[in-house]
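Participant: Chains as they are written, first to last, in numbering that gives the first Met the number 0: chain A, 0 to 483; chain B, 0 to 483.
Just so you know, the hints here were simulated from the structure itself, not pulled from any lab data. Honestly, I wouldn't trust all of these hints.
[As the list claims (entries may be wrong)] In the DSS-like style, the derived pairs of lysine-lysine whose C-alpha atoms are separated by at most 25 angstroms in a straight line are:
(1) A:10 x B:11
(2) A:11 x B:362
(3) A:11 x B:11
(4) B:10 x A:362
(5) A:281 x A:222
(6) A:222 x A:198
(7) B:281 x A:11
(8) A:10 x B:362
Protein chains: 2
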Amino acid sequence: MTSESLSEQHKKLGRAVTSLISEYAERLESAPVASPATPADLKRLFDEPLPLAGMPAEEILEQFARDVAPHAMQISSPRYFGQFNPTPLAIGVWADALCSALNQNAGAWRNGPTSALIEAQVIGWLCDLIGYGPGAFGVLASGGSEANLIALKCARDKAARDMCDLGVRAAGADLTIYASEQCHFSVEKSVDILGLGRKSLRKIDTDERFHIRVNLLREAIEKDRSDGRVPFCIVGIAGATSTGVIDPLPELAAIARENDCWFHVDAAYGGGLAFSDNQKKKLSGIELANSITFDPHKWMFVPFSCGTTLVRDGGNVLRDSFDISPEYLSEDRGGSDVQYDFFRYGQMGTRRFNALKLWMAFKFMGKRGYAETVERHLELTRHFADRLDELPDFERVGEIETAVCCFRYLPEHVRGLAPEDQDRAQQALQQRIEKSGRAFFPSTILQGRRALRVNINSYLTERRHVDDLVELLREEGNALGVDR
Amino acid sequence: MTSESLSEQHKKLGRAVTSLISEYAERLESAPVASPATPADLKRLFDEPLPLAGMPAEEILEQFARDVAPHAMQISSPRYFGQFNPTPLAIGVWADALCSALNQNAGAWRNGPTSALIEAQVIGWLCDLIGYGPGAFGVLASGGSEANLIALKCARDKAARDMCDLGVRAAGADLTIYASEQCHFSVEKSVDILGLGRKSLRKIDTDERFHIRVNLLREAIEKDRSDGRVPFCIVGIAGATSTGVIDPLPELAAIARENDCWFHVDAAYGGGLAFSDNQKKKLSGIELANSITFDPHKWMFVPFSCGTTLVRDGGNVLRDSFDISPEYLSEDRGGSDVQYDFFRYGQMGTRRFNALKLWMAFKFMGKRGYAETVERHLELTRHFADRLDELPDFERVGEIETAVCCFRYLPEHVRGLAPEDQDRAQQALQQRIEKSGRAFFPSTILQGRRALRVNINSYLTERRHVDDLVELLREEGNALGVDR
């Protein structure tokens with residue numbers, strides 16, 4: 000607590016935070032990407048009883064600078080090659096301060112008039128971008144998991160009359176849903192949340208390029224039908240979490256149509272290709288989807304959290320599933336307000352004015368700025384793959400369709416090992432590099448086998464950072480070979 | 000796009016945003032609380048095609064200052080008496096800039112080591128505060144709606160074996176859930192999302208003080224049992240959205256225990272009473288709940304969005320419901336990491352480092368700072384009620400248990416009207432005051448009849464603002480009487 004006016008507090012804190020953030024940005028090039036601290040180390044830093052007396056804001060910022068920032072993952076580093084987590088745009092960072100200062104409750108028009116209109120505007124831009132017609136609409140979500148949940152609830156509720164009122168039993172038979180085994184775990188989580196059960200999800204095997212095998216999909220649907228179940232939804236992936244690849248969307252759309260299934264496309268990451276006129280064709284067929292997940296907090300460099308569900312046939316589809324109008328928001332304020340009450344379109348009630356940072360990001364980058372960045376990321380990824388192909392100890396896995404490259408460390412002495420030991424070698428190399436602090440990338444599992452995975456998702460990453468990564472892989476690979 | 004370094008961009012934008020926010024705070028006392036702009040007016044301001052070229056950040060901030068901020072609802076105003084939307088703490092506003100600069104993906108320990116540990120820390124503080132034992136745990140959520148959804152999924156999944164795998168059909172009978180008719184609409188939304196159907200919710204009538212009638216609750220449970228349904232959950236409210244009142248929690252806990260039901264308490268707003276040793280007794284019985292919803296973005300003045308689900312019997316309860324481990328996060332990094340992977344505890348995957356602003360708010364205010372503010376809000380609310388009791392044209396409705404006061408405008412000429420015309424008079428007065436820009440409060444519906452509702456939720460509100468509000472009600476009430 001303090002006796003300073005709110006305006007004075009903002010002035011002092013704003014200056015201090017501006018210094019902290021600009022200095023942080025200055026160090027990004029040289030700072031270790033990951034901290035060696037363990038959970039136990041960090042627990043010691045932060046373990047203290049519930050504070051009784053307040054403390055000055057300056058001291059809190061000091062603890063932030065000393066204990067929080069250095070042990071954070073340096074997501075913004077040009078040497079961070081992790082899980083679609085972007086270097087956020089500066090305008091997005093400061094939009095979040097403005098958003099919090101206004102503190103609009105963006106759920107209802109009444110509590111946030113400009114937040115409502117700006118959300119409608121950015122949703123319109125995303126629908127345009129993705130190739131949806133003018134009747135499309137959507138809603139911001141906390142991220143891809145919630146965006147998938149919202150979309151799959153719409154799909155579930157279309158499968159039987161009275162689903163919202165009576166629940167899953169309204170279907171009168173087991174509903175089944177189909178996605179490639181590479182789908183994001185939130186698809187499985189969503190069908191569980193929606194009361195359909197995790198087993199209602201059929202995970203269809205992928206081919207050697209990690210795309211869904213459409214013949215197996217057809218067989219699974221036929222089998223379920225002949226067993227008395229009701230297929231209700233097919234999920235296509237545009238930018239898979241592990242490999243970045245894109246399912247054959249036109250074929251999936253056709254199978255969905257033939258089987259009277261909802262067609263959802265999870266383009267949380269890959270949707271960013273739509274900015275580039277050269278790359279957009281990879282998303283062909285996405286405009287046939289009933290719903291799309293698109294996360295601006297991935298390839299649009301908007302700070303967390305900012306996801307969206309887009310719906311081809313308009314806001315009524317979302318409102319049919321989600322609208323429950325509480326009495327304390329039932330006032331009439333000119334008739335046209337309901338269409339801007341975004342709490343009627345999704346899971347959230349009270350919500351942050353997340354549309355602000357997305358609106359500012361769109362204006363700052365423009366379609367062209369995004370197109371250039373997306374294309375550069377693809378070039379850098381191809382450059383990485385080409386350099387990797389020169390190293391005899393590494394072998395690439397799968398295709399490069401977005402800015403993701405998967406590979407394995409397979410020098411002669413590893414090649415001869417049992418599969419699980421080969422897998423351990425991948426983890427060992429990943430761990431060495433993580434601990435070096437000179438770069439970060441994760442490993443993943445592809446068709447049961449461990450692989451390494453590099454994603455370029457920082458607008459700060461340049462060719463030299465990629466070359467450094469290749470050199471690091473070579474060095475640490477050699478060192479690992481000697482250590483064994 | 001720009002050629003400036005990221006650090007330079009941050010320096011420039013940070014300075015500009017500091018000015019914008021401190022000037023905004025300076026104007027709060029005098030600025031109109033609500034804008035008269037209609038949705039159509041605002042649509043004209045923001046309607047433009049997808050930007051092709053980028054524009055300078057400075058121009059974007061100019062448009063923000065010109066078009067966005069003035070037509071926002073001035074939630075932070077000391078004259079805003081709306082829906083539990085607080086004036087955010089300055090430290091919370093700037094924490095959000097720091098959060099976005101670090102851009103931790105707070106879903107998994109690997110992607111945000113300090114975010115994970117700090118989330119565990121603030122969850123621990125909230126559990127302590129509310130009176131839970133040391134085994135309790137929880138998870139941050141996007142707000143009360145999601146917090147209720149998470150809690151009710153845990154409740155649903157305890158109701159039958161294999162619920163997560165097989166879905167609602169695993170129960171073998173209809174599950175039913177009970178809450179007062181005053182419960183937040185997210186309870187109904189949640190049971191719909193969870194596949195139980197909106198009709199599985201029994202809305203129990205309330206008494207003249209708007210508390211749940213426990214005899215009717217018992218009857219409803221018995222009726223459902225004798226009809227072959229399975230009661231699985233009772234929801235108590237601690238701080239109802241319309242009236243702020245608190246259900247008889249110990250009695251609800253006993254009924255839940257007798258009926259083998261999960262007991263959930265929605266203390267999204269009222270949980271704040273726990274800070275005050277004088278007020279905490281009103282929450283007595285909350286510590287018996289299996290789960291609690293508590294929103295720091297209400298009475299803790301943390302900027303949106305920050306909700307929590309707290310669970311008495313620990314994190315395993317949440318993990319049993321939500322944990323689906325994706326392969327790309329399956330690396331072992333020292334064994335103790337899983338307990339800090341918060342994506343395993345709730346709906347969200349990728350998530351914002353929301354724990355940072357809550358952690359900073361706790362430290363800045365301390366338990367004592369919150370206790371003083373909560374107690375002051377209650378005093379101001381009682382002062383408002385006392386002043387209102389002096390005005391012959393107004394009549395109070397219900398009790399004051401938190402910082403909410405409901406009332407009706409009932410001068411002689413309104414008293415004689417039909418109920419629906421009396422209701423219209425409430426709306427007319429609410430609208431006059433909203434349009435004056437001199438204060439904002441909403442109306443609500445209580446047991447079928449329109450009432451006015453004032454909530455004090457700004458630490459900037461002083462006695463003089465409350466006195467001004469009383470004067471405004473008197474003036475506008477009189478003017479309305481003359482106008483008719």
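Participant: Against this structure, judge whether each hint is valid.
Facilitator: Against the structure, the hints:
1. Proposed proximity of residue 10 of chain A and residue 11 of chain B is supported: the alpha carbons are some 15 angstroms apart, at most 25 angstroms.
2. With a C-alpha separation of about 18 angstroms, the suggested pairing of residue 11 of chain A with residue 362 of chain B holds against the 25 angstroms cut-off.
3. Restraint check for residue 11 of chain A and residue 11 of chain B: satisfied, since their Cα atoms lie roughly 16 angstroms apart, inside the 25 angstroms limit.
4. The suggested pairing of residue 10 of chain B with residue 362 of chain A holds, with an alpha-carbon distance near 20 angstroms, which does not exceed 25 angstroms.
5. In summary, the hint linking residue 281 of chain A to residue 222 of chain A is not supported, as the alpha carbons are separated by about 31 angstroms, beyond the 25 angstroms threshold.
6. Taken as a hint, the residue 222 of chain A and residue 198 of chain A pair is honoured in the structure, with Cα atoms around 15 angstroms apart against an allowance of 25 angstroms.
7. Proximity of residue 281 of chain B to residue 11 of chain A is assessed by CA-CA distance (about 38 angstroms); at most 25 angstroms being required, the pair is judged violated.
8. The hinted pair formed by residue 10 of chain A and residue 362 of chain B meets the criterion: a straight-line CA distance of about 20 angstroms does not exceed 25 angstroms.
Consistency note: the structure conflicts with the earlier hints numbered 5 and 7.
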